[in-house]
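J.: Position chain B against the provided structure of chain A, taking the given hints into account.
Chains as they are written, first to last, in the UniProt record's numbering: chain A, 1 to 265; chain B, 1 to 253.
Everything labelled a hint here was simulated from the structure, so no lab data went into it. Source: prediction; values computed, not measured. Honestly, I wouldn't trust all of these hints.
As the list claims (entries may be wrong) - What the simulated footprint calls covered on chain B by chain A, stretch by stretch (three residues with Cβ under 8 Å from a Cβ of chain A suffice, anywhere in the stretch; the number is not a length): (1) 147-156; (2) 162-171.
What the hints assert, rightly or not - Heads up, incomplete: computed chain A residues facing chain B, CB under 10 Å, no partners named: (3) Ala81; (4) Gly84; (5) Phe91; (6) Trp101; (7) Gly155; (8) Val162.
Idealized CB from N, CA, C, for every residue including glycine.
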Amino acid sequence: MSQIKPDARHVTSATDSAVSVRNVSKVYGDVQALKDLTLDFPRGELTSLLGPSGCGKTTLLKIIAGLLPATSGEVLINGKAVSGPGPDRSFVFQDFALMPWASVIRNVAFGLELRGVAKSEREAVAEKYIAAVGLAGFEQKFPHQLSGGMRQRVGLARALSVNAEVLLLDEPFSAVDEQTRRKFQEDMLELVQKEKKTFIFVTHSIEEAVYVSDQIAILLPRPSRVSEIIRPSSFRDKGVDNIRRDPEYLDIVDGIWASLRSYVE
Amino acid sequence: MKNRSLMLKLLSALIVFGAWEIAGHIPISYAFPTFLESMAALARMTFDGTIFVAYAETLRPLVVGVAISAVLGIGLGLWIGLSKGFEWLFAPIFIVMQAAPLAALIPILVMIYGIGLTSKVFVVCIMAMPVIVLNTASAVRNTPASLKEMATSFMAADRDVLLKIILPAASPVIFSGLRLGVSAGFIGAILSELKITPTGVGDIITYSRSIADYPSMYAAIFSIILLAVLFLNLLEALENMLFEGNNRGYVSD
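This is chain A alone, in the form it adopts within the complex:
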């Protein structure tokens, strides 16, 4: 891919990409994790990064978050290059990353606490999002008193409470049980509708990616590159109950499996 000229870049960001990844490469020692990867994330939509394990999807997410530096290339948020973590992005962790010594409300308010928001103010915001993820009444509980699914709701509330424009979710539902996960996926669709944020969602579940995404980027490994971008069109408006038996949904799931099958050991 050729270098994009500055004016052209301005045009791309002024349209509706909240996040643009431009020619990003990442090298660990002598392992090339990402190679010349370019990808756009439309504003207000949910994009899944889907691929076999070791395809660098979490690496890409952490580069977007500013937690890892890219070896070359750049990530643009609203046209501005990323140099580290920023207030425009927040992260939901696979292992929840909750502070065990802190109550639910302090965990949720932690992002605001680090920004120096006054206690009463940040707790008011936290309470609102605790209620929004369905955990009202659990404010003073500690993480060890919650189930796995509830812990991830705390992680989600924490990410929402800083009011970042872009939410980065690293396999957020992989550590919760199947039934909780389905509920999460339904809630996720509602959240994308309601919050008007840009979601970037890493997952290894094909069904999950197709179910929740506006756009699915299939990454293939060694070195990682985008092999295909799929935009499901017809089943999104048919309601949460009908998606899983929609013919297009089933076709996309089958199609993705057909292209990933040969990469799974």
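T.: Okay, now just chain B, sitting in the frame of chain A:
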């Protein structure tokens, strides 16, 4: 549930003291008084004020030594834990300190620092500090990486990561180091009074033995154990107050 654990504690105390009483009656040695005789001696020393005068003397090196060990030990431990370079420089010193036969080192300390408070404080520190330093350092090094990453992703400054993530995450192991260090400090305080100059509680032990007043001797030993247990419980209460969620393990486990 809470009542049950209290009951068990009382029961185990009752068994130990009962066994002590029986052993004193057999007797296993003429130098071994019964539990009740010892308690009578303790009550006598309490009422005539001897024990308070003794503790005023003993607590000085103990409190100073434990305070120095806690502050300096946690500080050094943090420093060692946070920086790769200082681990190889300092950790061996404390490992050696922990393993050294202290009683054999006391004459050297006395030669250098004399027989006063300084030497006694040193003995307490040598006993108490290594475990505090080593525990703190390893706890800091083992802070869950995902918590540090979480803080960074929410734009925490280095100071916030240290104060709000690393220290609270390390606190259970730091506190267990403190508990071990403080009990070692009690041993050090008594050891210094027996080996350097007989003062305070060490004096009661030495003097009572020399006049064959064994109940008083055992009463003094009992009182120091009691004090150590009380202090450790206080430390535990402090930990539970500071880091409430920690006493039920880690979420990510």
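J.: Does the structure break any of the earlier hints, and which numbers would those be?
T.: When the structure is compared with the hints, only number 3 turns out to be violated.
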